[in-house]
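> Each chain, written out:
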Amino acid sequence: MKNRSILLMLRTSPYRGVRFGEALDALLVAAAFEQRCTVLLLDDAVFALLPDQHGDVLGRRTAAKLLNALPDYEVERICVCEESLAQRGLINFVDTLSATRLTPAQQTALIAAHDIVWND
Amino acid sequence: MPALHLIFSSAGLKSCLLRSNPNDVLLLLQDGVHAKAPEGASVLREHAVARGIESQFLASQFVDWDDMVRLTASCSPVVSWP
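Just so you know, the sequences run in chain order A and B.
Heads up: the first sequence is residues -15 to 104, going by my numbering.
Heads up: the second sequence is residues 1498 to 1579, going by my numbering.
Just so you know, the hints here were simulated from the structure itself, not pulled from any lab data.
Any given hint might turn out to be false.
[Unchecked claim] Just some of the chain A residues that point at chain B, by a computed CB distance under 10 Å: (1) Arg(-5); (2) Thr(-4); (3) Asp27; (4) Cys65; (5) Glu67; (6) Pro88; (7) Thr92; (8) Ile95; (9) Asp99; (10) Trp102; (11) Asp104.
Computed from a predicted model, the values in this text were never measured in an experiment.
Think of the CB as a built atom: it goes at the ideal place given N, C-alpha and C, for glycine as much as any other residue.
Given the sequences, and given the hints that come with them, work out the whole structure.
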């Protein structure tokens, strides 16, 4: 199989519907087939980085835990939009996942550098 | 090669504009046709006609499905903005 780079852009809040988890599941399938995968969190998806989430009280998977597991599946790069964080007052929160913060211009370059871009 | 941005909503357009290159191709479709079309953006004619807003655009802005297929072949990556 040809190796391609795949960028998954997540834009919706992690507990709105099931898109967030399903999109990550799809990415893990791609990673299992040795495609190079990157995740970029934008807009309300940045809330997935907040600590102390308890998805189980909704009978749901916890978004931060899903992201935390990505390196185990060879998805090494998790990026987040600096501007989306700032708009939500999250510039100084404790990001235990240490996502790479990117400016919009850096995100433009990230999109151009991938063969395939998925949006949730 | 320029990227092709498929824009499906006003919110999608806003997110896209922040992160696209000036030489990228922007195409508004579905409810994206209601967003304020930036200069140079293309519009899927069928979706504007269906919503009764065909007269808001210039004829030169419209693309049909065949044009869209050609764009997907000549641009990379193709990015959807729901």
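> For each hint, tell me whether it holds in the structure or not.
Evaluation of the provided hints:
At about 6 Å, the closest approach between the beta carbon of Arg(-5)(A) and any beta carbon in chain B falls short of 10 Å, and the interface hint on this residue holds. Below 10 Å, beta-carbon pairs count as interface contacts, and Thr(-4)(A) has one with chain B at about 8 Å; its hint therefore holds. Given hint, Asp27(A) at the interface with chain B, holds; its Cβ is 6 Å from that chain's nearest Cβ, closer than 10 Å. Checking Cys65(A) against chain B by beta carbon gives a least distance of about 8 Å; that is within 10 Å, so the hint holds.
A least Cβ separation of about 7 Å between Glu67(A) and chain B falls short of the 10 Å threshold, and the interface hint therefore holds. Contact between Pro88(A) and chain B, as hinted, is supported at the beta carbon level, the nearest pair being about 4 Å apart and thus within 10 Å. With its C-beta approaching chain B no nearer than about 5 Å, Thr92(A) sits inside the 10 Å limit, and its interface hint holds. Against a cut-off of 10 Å between C-beta atoms, the interface hint on Ile95(A) holds, since the closest Cβ of chain B lies about 6 Å away.
Taking 10 Å as the C-beta contact cut-off toward chain B, the hint placing Asp99(A) at the interface holds, the least distance being around 6 Å. Of the supplied interface hints, the one on Trp102(A) holds, with its beta-carbon coming within about 8 Å of a beta-carbon of chain B, less than 10 Å. Interface hint at Asp104(A): satisfied, since its Cβ lies 8 Å from the closest Cβ of chain B, which is below the 10 Å cut-off.
Hint violations for this structure: none, all hints satisfied.
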